[in-house]
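Number of protein chains: 2
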Amino acid sequence: MISPRKTLHFSPPQWVIFGFIIFIIIGTILLALPQASADGESVGFLDALFMAVSAVCVTGLAVLEPGGDFSAFGQVIIMVLVQLGGLGFMVFGVTVAILVGKVMGMKYRLLLQPTTNTFSARGIIRLAMTILLLALSLEAITAIILTIRWSSELGWAEAAYFALFHSVMAFNNAGFTLFDNSMENYIGDPVVNLSLSVLFIVGGLGFMVLVDLFRKRSLRRLSLHSKLVLVTSAILLVGGSFFLFIVGLFNPATEGLSLSERLWSAYFQSATARSAGFNTFDISSMLVASQFFIIVLMFIGASTGGTGGGIKTNTFAILVLATINTFRSGHQVHAFHRKIALETVMRALAVVVSSLAWIIGATLLLTITEDIYNVHFLTTLFDVVSAFSTAGLSMGLTEELSPIGKVIMMITMFVGRLGPLTLAYALTYKQSPSKISYPEDKVLIG
Amino acid sequence: MISPRKTLHFSPPQWVIFGFIIFIIIGTILLALPQASADGESVGFLDALFMAVSAVCVTGLAVLEPGGDFSAFGQVIIMVLVQLGGLGFMVFGVTVAILVGKVMGMKYRLLLQPTTNTFSARGIIRLAMTILLLALSLEAITAIILTIRWSSELGWAEAAYFALFHSVMAFNNAGFTLFDNSMENYIGDPVVNLSLSVLFIVGGLGFMVLVDLFRKRSLRRLSLHSKLVLVTSAILLVGGSFFLFIVGLFNPATEGLSLSERLWSAYFQSATARSAGFNTFDISSMLVASQFFIIVLMFIGASTGGTGGGIKTNTFAILVLATINTFRSGHQVHAFHRKIALETVMRALAVVVSSLAWIIGATLLLTITEDIYNVHFLTTLFDVVSAFSTAGLSMGLTEELSPIGKVIMMITMFVGRLGPLTLAYALTYKQSPSKISYPEDKVLIG
Ligand SMILES: [K+]
Ligand SMILES: [K+]
Chain E
1 MISPRKTLHF SPPQWVIFGF IIFIIIGTIL LALPQASADG ESVGFLDALF
51 MAVSAVCVTG LAVLEPGGDF SAFGQVIIMV LVQLGGLGFM VFGVTVAILV
101 GKVMGMKYRL LLQPTTNTFS ARGIIRLAMT ILLLALSLEA ITAIILTIRW
151 SSELGWAEAA YFALFHSVMA FNNAGFTLFD NSMENYIGDP VVNLSLSVLF
201 IVGGLGFMVL VDLFRKRSLR RLSLHSKLVL VTSAILLVGG SFFLFIVGLF
251 NPATEGLSLS ERLWSAYFQS ATARSAGFNT FDISSMLVAS QFFIIVLMFI
301 GASTGGTGGG IKTNTFAILV LATINTFRSG HQVHAFHRKI ALETVMRALA
351 VVVSSLAWII GATLLLTITE DIYNVHFLTT LFDVVSAFST AGLSMGLTEE
401 LSPIGKVIMM ITMFVGRLGP LTLAYALTYK QSPSKISYPE DKVLIG
Chain W
1 MISPRKTLHF SPPQWVIFGF IIFIIIGTIL LALPQASADG ESVGFLDALF
51 MAVSAVCVTG LAVLEPGGDF SAFGQVIIMV LVQLGGLGFM VFGVTVAILV
101 GKVMGMKYRL LLQPTTNTFS ARGIIRLAMT ILLLALSLEA ITAIILTIRW
151 SSELGWAEAA YFALFHSVMA FNNAGFTLFD NSMENYIGDP VVNLSLSVLF
201 IVGGLGFMVL VDLFRKRSLR RLSLHSKLVL VTSAILLVGG SFFLFIVGLF
251 NPATEGLSLS ERLWSAYFQS ATARSAGFNT FDISSMLVAS QFFIIVLMFI
301 GASTGGTGGG IKTNTFAILV LATINTFRSG HQVHAFHRKI ALETVMRALA
351 VVVSSLAWII GATLLLTITE DIYNVHFLTT LFDVVSAFST AGLSMGLTEE
401 LSPIGKVIMM ITMFVGRLGP LTLAYALTYK QSPSKISYPE DKVLIG
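Chains as they are written, first to last, in the UniProt record's numbering: chain E, 1 to 446; chain W, 1 to 446.
Worth flagging that the hints you see were computed from the coordinates, not collected in a lab.
Do not rely on the hints blindly, as some may be mistaken.
Lysine to any residue pairs mimicking SDA-like chemistry, simulated, CA-CA at most 20 Å apart [claimed, not checked]:
(1) W:LYS406 - W:GLY88
(2) E:LYS339 - W:GLU343
(3) W:LYS339 - E:LEU342
(4) W:LYS406 - W:ILE145
(5) E:LYS339 - W:LEU342
(6) E:LYS406 - E:LEU64
(7) E:LYS406 - E:LEU46
(8) W:LYS339 - E:GLU343
Residues of chain W placed beyond 10 Å of chain E at every Cβ, according to the derived structure [unchecked claim]:
(9) LEU30
(10) LEU178
(11) VAL191
(12) VAL238
(13) GLU261
Only part of the chain W face toward chain E is listed, based on derived beta-carbon distances under 10 Å [claimed, not checked]:
(14) LEU64
(15) VAL247
(16) VAL288
(17) PHE292
(18) ALA357
For every residue, glycine included, the Cβ atom is placed at its ideal position computed from N, Cα and C.
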């Protein structure tokens, strides 16, 4: 006999998936209302669903223009879905998972809390509230700055509305914009460049790193996870800017740009590729070298437990460290004088293998479903990686998707946002505690 | 004081690299001779070097046509280089490494001999001779079959010469042909399809699997390594044929083909992608879906210790098994009732990460060096993966390479043939024995 209580007993990953699906369903219904559409006529079920998935998964890939095709009501719904799927998931999803994990066994604690294992349940909730307040304050401050910046061209009311919308998008690493060319008008604008990028970089660092920074206030005393995330993010940001700047010099499409515009553009595109999704330079006008490079950056993405996607900087760092260790015939993977558990490395491997498998599979399918005779391969690969990494940048495939192509991309965003590990654990969850005990410092994967 | 004996003390991987470089140098000098060229004028240093590297690395990518640009003398040199770099490396390289490994410590034995650890030194040499004889017999038998097949169209003398050349190429998984359109004239020919593919499939299985099959003569008693190689190869061959057959149905370029030609073509292209390099259907006339799929097959490649390239079927199998194990929250990676050592999984990880890194880096470089303004991305990626996996198939980039592009591709072939692990061990070799002992059954990686 199965008791009703038992059948409703979800594991934390199952709760997360359940929550995402509920938000997507409600979002779809609301976005399909005639009131949500700019012309008063429903945008239709499939496109409403696509936009809801893209919003809840904080991707920003769009089959319709948030600015042109939706009413203010529709735009507010998108904004709320993004805030729930990004900041909401970051603060509540992770907190609940940690708390439930404390009750339910080692597994989720290993997965989620390298820096929080000394906290009481009450302490964690207080911390979550602190992060939530911090995030909302950051969004508010940025909104004020952007209101001032845009007041002269848009007027105060519209400037404030645009500022709020894009601040929410930025912190949540969702690439929707109300402009019809993203941020391309502001390629050399320090205010727009800095305010947006600070938000999406902070949002992408993840709950645990923010908690760690908040508590320790000293770089040296940070956890291994935080150190790896911060160092990897910095290297990718600087290295990526440098590469895009150099290649950009050879691009005829950049001819009219000043040196400062080139520098801002290289910085912004390097930062946005790792999951924010805004752009100040048209991606399809870039040279192929830069486009392919951005695919790699998108694939790596932001960091675990944040509003960004990709395999994550921490996963990437573990893969690199494990590879170097094997090449040196070393006996343990280590960084910053800490050993990294083999289980962590195995998770990194599982994440990268399954992510590659999904991207390859989805790309193969789309090369068949989307105009099999006239496929522009790089465009397809770019948009698939963008969807999986919830980056939101596009080379143009997304706006021309067939219905089946939309379904493939929606599932790709969903799988990419939740991560292969979360999905796998949701499907295979058993309540058995781990048989192994780990003395090492832990790094998050996935 | 350093004794002269000490300075000449190479580790096994260093000997392998040294041997490859010597063969390449001698090959380059001979191929650059006016006598090696079809028109009596030297083909030039750089192209001679490229062809020598491609031959010794059993790739088959060609900046010149072996049939049209080289004399019979030049073609025989290519044939000898291929035989040395393929069969020679397979038999002598591996044997020497095992023998030296027995003397020098655990490391190379772990790397090289899952099935040979019960052999005495004399036993290994006898086995190597057996494999050598088996390979030469297979080449000879195939040469006789192809001589008969081609005698009517080429005459007996030329048929015999062509048959020998292509048999040597096939066993060594080197894709050079004397025809100007590879094997496209024989798309539906069972004799050519079967005789060549049996050779390159057997050559690609690797020394250890052949030894194992030769000794055990029973599928069930094979080592874990052999089972993984055989099962993975079979799945890839059948699955690959199926995919290419289905997608081929939608390709207007296949319109004139009969069903049997379609089936042979799907089988042959599926088999050849995993490192042989011949083709019976023009790769550039395929649909993008098939081209991308072939890139994936090339990347996986053949098996460790054979004449093929890629990350290897065994590495691929380990990655898949480790990923599934992690998804299931399993405590050990296993297959066929055998546990797989974590060190093996770590090696697989190092191979796939470094291979991806090399391919991404080389592709990025070539998108810059080869006509930065007009890059056909898929063509570049295809030829880079083909070079790294020593597959030898081309979508056209190779024949149009700039001098710097040729250098990038040559280094890519060299790194791909020797494998990242061999190169890394050559650079970091220390004579310290491993501190860990492994009770599990081993699987080769690299
Ligand atoms: K995004
Ligand atoms: K080959």
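### Violations among the numbered hints, reported as their numbers in ascending order
The structure conflicts with hints 1, 4 and 14, although it agrees with all the remaining ones.
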